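Work out the full structure: start from the sequences and follow the hints.
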Amino acid sequence: MNLYHFIIFSLFLFSVGIYGVLTRRSAVGILIAIELMLNAGAINLAVFNRYLAPDKVDGQIMALFVMAVAAAEVLVGMAILIMLFRRKKSVDIGQLDILRH
Amino acid sequence: MSLWLSENGLFYFLTLVSTFFAVLCVNTRLILRAAVYLMAVLFFVAGIYLRLGLEFLAGIQVLVYVGGIVVVLVFAVMLTHSHAVKEEKPDITRKIIGLLTAGLFFLGSWWAIAQTPALTSVSAELMPLTTDIKTIGRALLDFGASGYVLPFELVSLLLLAVLIGGVVIARKDVG
Chain A
29 MNLYHFIIFS LFLFSVGIYG VLTRRSAVGI LIAIELMLNA GAINLAVFNR
79 YLAPDKVDGQ IMALFVMAVA AAEVLVGMAI LIMLFRRKKS VDIGQLDILR
129 H
Chain B
5 MSLWLSENGL FYFLTLVSTF FAVLCVNTRL ILRAAVYLMA VLFFVAGIYL
55 RLGLEFLAGI QVLVYVGGIV VVLVFAVMLT HSHAVKEEKP DITRKIIGLL
105 TAGLFFLGSW WAIAQTPALT SVSAELMPLT TDIKTIGRAL LDFGASGYVL
155 PFELVSLLLL AVLIGGVVIA RKDVG
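Chain order of the listed sequences is A and B. Counted the way the numbering used here counts, the first sequence spans residues 29 to 129. Counted the way the numbering used here counts, the second sequence spans residues 5 to 179.
Because the hints were derived from the structure by calculation, they are not lab data. Note that the coordinates shown come from a computational prediction; the quantities given were computed from them, not determined experimentally.
Computed list of lysine-lysine pairs in PhoX-like fashion (alpha-carbon distance at most 20 Å, straight line):
id: 1; chain 1: B; residue 1: Lys90; chain 2: A; residue 2: Lys117
id: 2; chain 1: B; residue 1: Lys176; chain 2: A; residue 2: Lys117
id: 3; chain 1: B; residue 1: Lys138; chain 2: A; residue 2: Lys84
id: 4; chain 1: A; residue 1: Lys116; chain 2: B; residue 2: Lys90
id: 5; chain 1: A; residue 1: Lys116; chain 2: B; residue 2: Lys176
Given below as structure tokens:
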């Protein structure tokens with residue numbers, strides 16, 4: 029397997045994430061799909077590092093930062109969802125239309 | 005040696021299984037199951053890192069993603085009572101829009117990648133890795149031209165801000 033196959037693999041994971049974001053009704057499901065997309069990006073960084081510059085670690089460090097930011101994102105997302113659930117008793121995105129009025 | 009025992013066979017196995025679980029993850033109607041499928045995807049991706057020789061990244065992937073992020077997601081599922089409800093089936097227009105967008109993005113990017121000789125002509129042979137955990141640690145805390153100490157500190161600030169922000173957002177309204 030070479031770099032090309034890995035790019036296609038992570039591209040596929042990212043597309044699956046896009047599909048999940050667009051079709052999910054539950055906000056938690058959307059958060060899960062976003063995690064898939066973030067992980068696909070991190071795979072790309074690590075694989076480019078491994079194939080193109082095996083004597084450097086820049087890609088791996090970027091992948092580590094992606095993981096840290098993903099952790100931050102999911103924590104804030106959880107806090108917002110808990111608050112929304114307390115107000116609306118639901119995390120269905122069809123009902124989250126407070127900002128529309 | 006048969007394909008499945010060779011070096012490439014392991015890669016194909018890991019990528020196929022993780023794509024399979026990714027597709028399951030966005031299609032299941034039970035959110036808790038989606039979180040578990042996501043955990044499987046992340047585990048197999050850690051396996052790919054391991055097979056590429058990036059042991060540190062694989063370890064962090066399991067620790068942070070599987071041990072941290074998925075657990076937080078399961079907390080989110082439990083605290084919003086999403087585990088009790090079965091998600092409604094997405095209606096057909098939503099499904100078509102999602103499939104079209106994701107499919108067009110996939111095919112378009114694939115076409116663009118296939119047009120780029122710099123990406124398709126990289127040799128399949130893995131060069132021996134000359135870096136290890138020590139190199140990563142030095143680069144993370146190095147404040148020279150190729151060091152990452154500033155982003156490192158910024159990320160630690162970000163995590164602190166998120167910690168405080170999460171508590172403030174999710175706590176009970178006072179008054």
